[in-house]
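**Q** Once you've looked at the hints, go ahead and assemble the two chains, each given alone in its own frame, into the complex.
So the chains spell out like this:
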Amino acid sequence: MTTAAAIAALSMAGVFGVGALRAVSADADSAQQKLYLDPQTGEVLDAPPAHADGNQPARGKARQRSAPAEAKAWINDEGTEMLTPAPDAQPDRRAVRCDDGTLRMGHASGEHRAKGSDSERDALCDRPAS
Amino acid sequence: MRSARELSERAAPRRRCWRAVVLVVALACATTSVQAADVVLVIADGANRGFNDPAPTAPVGGNDGETLGAQRRIAFSHAAAIIGSRIDSRVPIRIRASFDRGLDCRRNAATLASAGPATFAANFPRAPRTDTFYPVALANALRGARTANTDTDIVARFNPALDSNDDCLRGAGWYYGIDGATPDGQPSFVSTVAHELIHGLGFVSLVALEASGADRAGQFPRSPSGARYADIYSSLIQDLSFAGQPLWPDLSDAQRRQSLTHDASVVFAGDSTGANGASALQAGTNQGRVNVFAPDPVIRASSISHWDTSLTPDQIMEPVVPPAPSA
Chain A
62 MTTAAAIAAL SMAGVFGVGA LRAVSADADS AQQKLYLDPQ TGEVLDAPPA HADGNQPARG
122 KARQRSAPAE AKAWINDEGT EMLTPAPDAQ PDRRAVRCDD GTLRMGHASG EHRAKGSDSE
182 RDALCDRPAS
Chain B
1328 MRSARELSER AAPRRRCWRA VVLVVALACA TTSVQAADVV LVIADGANRG FNDPAPTAPV
1388 GGNDGETLGA QRRIAFSHAA AIIGSRIDSR VPIRIRASFD RGLDCRRNAA TLASAGPATF
1448 AANFPRAPRT DTFYPVALAN ALRGARTANT DTDIVARFNP ALDSNDDCLR GAGWYYGIDG
1508 ATPDGQPSFV STVAHELIHG LGFVSLVALE ASGADRAGQF PRSPSGARYA DIYSSLIQDL
1568 SFAGQPLWPD LSDAQRRQSL THDASVVFAG DSTGANGASA LQAGTNQGRV NVFAPDPVIR
1628 ASSISHWDTS LTPDQIMEPV VPPAPSA
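Protein chains in written order, with the working numbering: chain A, 62 to 191; chain B, 1328 to 1654.
For reference, chain B alone in the conformation it holds in the complex (with noise of 0.2 Å):
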């Protein structure tokens, strides 16, 4: 296993202009150096829980913490910082979390965490593209400078009981360090968050994956004109399938509807994505573009915002973890 430290310290020396996925959506490479984003935890618990939670804890793998809060912070920071270092804005990042004791753990089974942009923007001062809804960190980034009326850029919310409930996943409790070292049988909280932020970055997409309401499975959301606006990760959604293998937006409802699950023909457009993917990746590309989690059927909240199971080697925003290799 690699550890996210590792790969920091790998990262270092290339100096290349590589961004976060997330960015690399919109923003064009404008400068030879990427300037790092201030990342800021606004804690959403309350006293003595989550973040919070004042219990002593013994340092683990590197998180010197002195309570279970700490260790949470420490780690969150930890994940936050490899991140933010991979960002250019120069406007904050500010990510509301908490525990939340609302999601759900049984014994074999369990929400470990979930979170998202918390707002979408669409024509706002040098939006690249009209019409079209950006997480609002991007959209900051872009503009250089905070959208009015917001506060928050990403929600993010983790699950307490893997720490105070036995029975929860049988008791496997978070593992807090920063090492990289994660014991087989263990969820670690630094890769977590660092899955969970990179959603709230972006790199999701806002199509209906089935019918909802007003929206119909394949359909963009509404924007409060009432037109519906692709949201900028999912406007490099490509079918491969499709004549003329167009984008998503140009497609109609029901072609999209049909692409949500047309497997190893949905990729990502993006050019420097597909570059990158074509020298780190052995496997989960087609025609030099990065797959595109779409199984048959379609899966809630995991198809189409995630890439493939086919991506070797495995990458942070592939929806299923295997288990670790035996040492």
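So that you can see chain A by itself, here it is in the shape it has in the complex (with noise of 0.2 Å):
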């Protein structure tokens, strides 16, 4: 079976055309100091033409969280309603180590889900492969 790397033709959309990728330090994007990389190869590039007004981030005071420990809901300067999610509950992807040297990845339920205990390792490990 294929590995699930796979982005596969139920998810992604067919047509071809790379947009422009970019790297940019963020503590050096205040000082416009920014790296823009070939999405291919890597390799550093002239910068890419610069996007129309309304593509640039907003200016103006950032009310944007950045990791509040709950949930926070907010109101913009447009009058939009916000809501900026606690960061616990994002998705997040976990590994065990099976004993047959495999990785797993995934989460294990129940009992068995609390992280790094031998539980959530066997619960994973003993899954067969679907």
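Rather than coming from a laboratory, the hints here were simulated on the basis of the structure. Fair warning: there could be bad hints in the mix.
[Unchecked claim] Only pairs whose alpha carbons sit at most 20 Å apart, straight line, appear in this in silico SDA-like list of lysine to any residue:
no., chain 1, residue 1, chain 2, residue 2
1, A, K133, B, P1548
2, A, K133, B, S1552
3, A, K133, A, P148
4, A, K133, B, N1450
5, A, K133, B, R1543
[To be verified] With beta-carbon atoms standing in for the labels, derived distance ranges:
no., chain 1, residue 1, chain 2, residue 2, range
6, A, D160, B, D1458, 33 to 41 Å
7, A, D187, B, R1543, 30 to 38 Å
8, A, D187, B, G1429, 28 to 36 Å
9, B, R1428, A, E131, 44 to 52 Å
10, B, D1598, A, D161, 40 to 48 Å
11, A, D138, B, D1511, 47 to 55 Å
Bear in mind the structure is a predicted one, so any value in this text is a computation, not a measurement. Glycine is no exception: its CB is placed at the ideal position from the N, C-alpha and C atoms.
**A** Shown next, in the form of structure tokens:
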């Protein structure tokens, strides 16, 4: 069975045309030190053409919460209702090392789900491959 | 194993109006061609850390980066380019990514990564549905402009201990190759990034899987007005076991809590997804709709926000990745 790395037809588009991909250091961003990488090779490229005004990050005071302990509902300057989820509400990806040396990636359920526990490992390692 | 690059090349000539499921959720296919979206990696690591790690590294699997940080950026770029090529948005998608030492890693278990939308927006200009939360990248795409007071669309964290701690997963180490030839026993950074970015684009439910604070299991989150709004992904979840086969917003909170564990009866109701699933899947559908992961008991950080494990062939948004088959 093919590995789930497949971004298979189910969930992916069929039209090709790679958009520019840029890597920007958050620390360097304010100093306008931006690194543009070729998405295929990783080579450093000249800066792509500037985007339309509407595509630039919003200016002014940013209210976007980066990591609230709990979900936060707020209203932005346009009156749009916003919700910033709590970090622990984000899906995470777990991996366990099985006795046969393989890695299983996923989540154990119920009483087995304590992270790092033997039962978590056993539950994932005992699960038959789909 | 099929590499991401292979998949990109396979997809190229098809020129069909398919989009990432996260966009299928809400966007009508307005044109016959899909524009790629620019993806901006905003590195949140400090100097000499994470994506900026200067440790010399040998090339691996088509990744010619000469430092660990460079290889991480190249592998991330490779995955992000694949995702970005399939998304229709004129607004660049900004991903704030870091290698986070706070993610746990032990000898036999680890959190590889975690990601999600930085924020959600409801009742924004041109919102297709009222009183519905959209992940901000999708909201930006729908309105054609960046949502005010936001500068990040997706937040993603990856575990650096895999590379720095020999005891972490018994020294597995990330595989940064971009050739799809991930060795047995190593997690693929490219496929992990792709999986996490799809979550960040909106393949995620905001419904409470268990009671927490003022929320009961099955409830949607509160908006600033205090009303509870469904997210657009959850709006298209359907439970075929109830009379009338209702969509989730039409269920009571108590019914939705029950639905969380209704297994194969819980499906994704998007028409495009169903049509694509019918042609792409040999298993994992119910009445022509793709099964959502809804095991009993609920699995935190996993239930609902993944495809069911019964999908065949396996899909990147399934919650469990089986070991690679032996050559």
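**Q** Does each hint hold? Answer for all of them.
**A** Going through the hints against the structure:
Pair hint A/K133 plus B/P1548 holds up; C-alpha atoms about 10 Å apart against a cutoff of 20 Å. Proximity of A/K133 to B/S1552 is assessed by CA-CA distance (about 12 Å); at most 20 Å being required, the pair is judged to hold. For the proposed pair A/K133 and A/P148, the alpha carbon gap of about 11 Å is at most 20 Å, so the pair holds. Pair hint A/K133 plus B/N1450 holds up; C-alpha atoms about 17 Å apart against a cutoff of 20 Å.
The straight-line distance between the Cα atoms of A/K133 and B/R1543 is roughly 17 Å, inside the 20 Å bound, and the hint therefore holds. Checked against the hint of 33 to 41 Å, the pair A/D160 and B/D1458 fails, with Cβ atoms roughly 50 Å apart. Judged by the Cβ atoms, the range 30 to 38 Å given for A/D187 and B/R1543 holds: they are separated by roughly 32 Å. The beta-carbon spacing between A/D187 and B/G1429, approximately 29 Å, falls within the hinted interval of 28 to 36 Å.
The hint said 44 to 52 Å for the Cβ distance between B/R1428 and A/E131, and at roughly 23 Å that hint is violated. Our hint of 40 to 48 Å for B/D1598 and A/D161 holds, since their Cβ atoms are close to 42 Å apart. A C-beta distance of roughly 51 Å is found between A/D138 and B/D1511, which places it inside the suggested range of 47 to 55 Å.
Comparing the model with each earlier hint shows violations of hints 6, 9; every other hint is respected.
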